[in-house]
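A.B. asks: Sequence:
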Amino acid sequence: MSQFTVEDVIEFVEENDVKFIRLAFCDLYGIQKNISIMPGELRSAFEKGINFDSFLINGYENIENQDLFLKPDSDTLHILPWRPQSGRVVRLYCDIVLADGTPFAYDYRHFLKETLKECEAEGFNTRMGLKSEFYLFKTDEEDNPTNIPFDNGSYFDVAPNDKGENIRREICLTLEEIGIKPQSSHHERGPGQNEIDFMPDDVLTTADNFVTYKNVVENIAARNGVYASFDPMPLEDKPGNGLHIKMANYKKGENLQITDKAFSESFIAGILNRMRDITLFLNCRKDSYNRFGITEAPKYITWSSQNNSRLLRVPEINGHSEHFILRSPDSCINPYLASAIVIQAGLAGVRNKEQLPPPLDINSRLLTEDRTSNLATLPLTIDDAIKCASKSEFINNSNFKDIATHYIETIKSRV
Numbered sequence: 102m103s104q105f106t107v108e109d110v111i112e113f114v115e116e117n118d119v120k121f122i123r124l125a126f127c128d129l130y131g132i133q134k135n136i137s138i139m140p141g142e143l144r145s146a147f148e149k150g151i152n153f154d155s156f157l158i159n160g161y162e163n164i165e166n167q168d169l170f171l172k173p174d175s176d177t178l179h180i181l182p183w184r185p186q187s188g189r190v191v192r193l194y195c196d197i198v199l200a201d202g203t204p205f206a207y208d209y210r211h212f213l214k215e216t217l218k219e220c221e222a223e224g225f226n227t228r229m230g231l232k233s234e235f236y237l238f239k240t241d242e243e244d245n246p247t248n249i250p251f252d253n254g255s256y257f258d259v260a261p262n263d264k265g266e267n268i269r270r271e272i273c274l275t276l277e278e279i280g281i282k283p284q285s286s287h288h289e290r291g292p293g294q295n296e297i298d299f300m301p302d303d304v305l306t307t308a309d310n311f312v313t314y315k316n317v318v319e320n321i322a323a324r325n326g327v328y329a330s331f332d333p334m335p336l337e338d339k340p341g342n343g344l345h346i347k348m349a350n351y352k353k354g355e356n357l358q359i360t361d362k363a364f365s366e367s368f369i370a371g372i373l374n375r376m377r378d379i380t381l382f383l384n385c386r387k388d389s390y391n392r393f394g395i396t397e398a399p400k401y402i403t404w405s406s407q408n409n410s411r412l413l414r415v416p417e418i419n420g421h422s423e424h425f426i427l428r429s430p431d432s433c434i435n436p437y438l439a440s441a442i443v444i445q446a447g448l449a450g451v452r453n454k455e456q457l458p459p460p461l462d463i464n465s466r467l468l469t470e471d472r473t474s475n476l477a478t479l480p481l482t483i484d485d486a487i488k489c490a491s492k493s494e495f496i497n498n499s500n501f502k503d504i505a506t507h508y509i510e511t512i513k514s515r516v
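Numbering-wise, our numbering comes out as the position in the sequence shown, counting from 1, plus 101.
One should not assume that every hint holds.
[Said to hold, decoys possible] Okay, the calculated beta carbon distance ranges per label pair: (1) D485 with D338: 19 to 25 angstroms; (2) E494 with V107: 38 to 44 angstroms; (3) D338 with V516: 20 to 26 angstroms; (4) T106 with A477: 47 to 53 angstroms; (5) R452 with I111: 38 to 44 angstroms; (6) D241 with D503: 43 to 49 angstroms; (7) A363 with T106: 38 to 44 angstroms; (8) I359 with G280: 27 to 33 angstroms.
[Said to hold, decoys possible] List of simulated lysine to aspartate or glutamate pairs, DMTMM-like, C-alpha gap at most 25 angstroms: (9) K387 with E337; (10) K353 with E223; (11) K149 with E115; (12) K502 with E455; (13) K134 with E215; (14) K387 with E397; (15) K282 with D298; (16) K232 with D332; (17) K214 with D109; (18) K149 with E116; (19) K387 with D332; (20) K232 with D298.
To be clear, the hints were calculated from the coordinates, so they are not data collected in a lab. Keep in mind the model is a prediction, meaning the values are calculated, not measured. Ideal Cβ positions, reconstructed from N, Cα and C, are used throughout, including at glycine.
With the hints as constraints, model all of the structure from the sequences given.
C.D. replies: Here you go:
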């Protein structure tokens, strides 16, 4: 059910001194892009969309002979609290459509919507939460970023070692103003490294919120005179930045992780069995692959209910699990594409009634070469990931082959 109608949004804009409306979407790498329109153009944007020059956007350069339009989603209305309160600025996320209003074939947000419809047709829905890491770096006299960390703190440190606590506080409070619900925040293992965890929500909302979150972090960091980096490996000899995806499936309000063990195990098995196929969609930069196997970042395709360093964790609380956590992605993903691909892999596992292999609960420090020789690994370079995705039967025999192939070829052209 929609939260806001088109008329609700237009009325809100008229009654709340809104002078600029940002129509937002994101590029191949999940970086937010937008065009601002005046209030008088809003109704036309809802009805017809707003044309934009797609060939200048990463991932859309090779779209020929197609005019693309941004069509706002009324449910995504938010005031931007860091912008002036007089002559307010609001933001709406958009779907990308053609001139006749039909969905653009390579719109990742639309792909996620279609994937969620497949889940509904199978009788369940998915909720997703995220854990995101980022570094804070000092800036020089001209406000250009340096590679000098903002502090020398370590895991769970407090002030004065943790100099980022007030920035994290400001980020979390700003997110709450927008309606995004942080769950916790803390200093991470690297110097100047931070983590913010989020409460789960429906998958589309979580993907939208992740794009907003990155923009909030970057804005508030800049306002405090520092630079925020989500790069997978911003410092060669320090822990990388990961993005943990936490998922749970529900049927009629009941958590299937608790009530349907066979379904849940097949869903997880589907993801594990296709990790080599889908890693490119979760790690799309060269330096993404430098992170694997460093500190606690995963390398082997394994799962565990106990070990924090496994690729996929199924933590148990009071004797049963409520969700699973996929730990290989990083924050340079396109969140719509990445979450859709993970769900598609899980769906394939359910449809094939795939069996979950035994867990690997051994401590990573005890994983000697003789213990790991039979373990499958993630692709360890982006070239390997491209090959795995290109040859994937899962992808090439799917109903999303076209959008996946477009993504693969676009990434390949940039390597």
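A.B. asks: Each hint needs a verdict: does it hold in this structure or not?
C.D. replies: Hint check:
1. D485 with D338: 19 to 25 angstroms: For D338 against D485, whose Cβ atoms are near 23 angstroms apart, the range 19 to 25 angstroms holds.
2. E494 with V107: 38 to 44 angstroms: holds (43 angstroms)
3. D338 with V516: 20 to 26 angstroms: The hinted range 20 to 26 angstroms holds for D338 and V516, with Cβ atoms some 24 angstroms apart.
4. T106 with A477: 47 to 53 angstroms: 49 angstroms Cβ-Cβ, so the 47 to 53 angstroms window holds.
5. R452 with I111: 38 to 44 angstroms: holds (43 angstroms)
6. D241 with D503: 43 to 49 angstroms: holds (45 angstroms)
7. A363 with T106: 38 to 44 angstroms: Given about 41 angstroms between the Cβ atoms, the range holds.
8. I359 with G280: 27 to 33 angstroms: At roughly 28 angstroms between Cβ atoms, G280 and I359 fall inside 27 to 33 angstroms, so the hint holds.
9. K387 with E337: holds (13 angstroms)
10. K353 with E223: Answer holds: K353 to E223 is near 12 angstroms, not above 25 angstroms.
11. K149 with E115: holds (20 angstroms)
12. K502 with E455: Holds, at about 22 angstroms.
13. K134 with E215: Roughly 23 angstroms between the alpha carbons, so the hint for K134 and E215 holds.
14. K387 with E397: OK: K387 and E397 at ~19 angstroms, within 25 angstroms.
15. K282 with D298: holds (9 angstroms)
16. K232 with D332: holds (15 angstroms)
17. K214 with D109: holds (23 angstroms)
18. K149 with E116: The hint holds at about 23 angstroms.
19. K387 with D332: OK: K387 and D332 at ~11 angstroms, within 25 angstroms.
20. K232 with D298: holds (4 angstroms)
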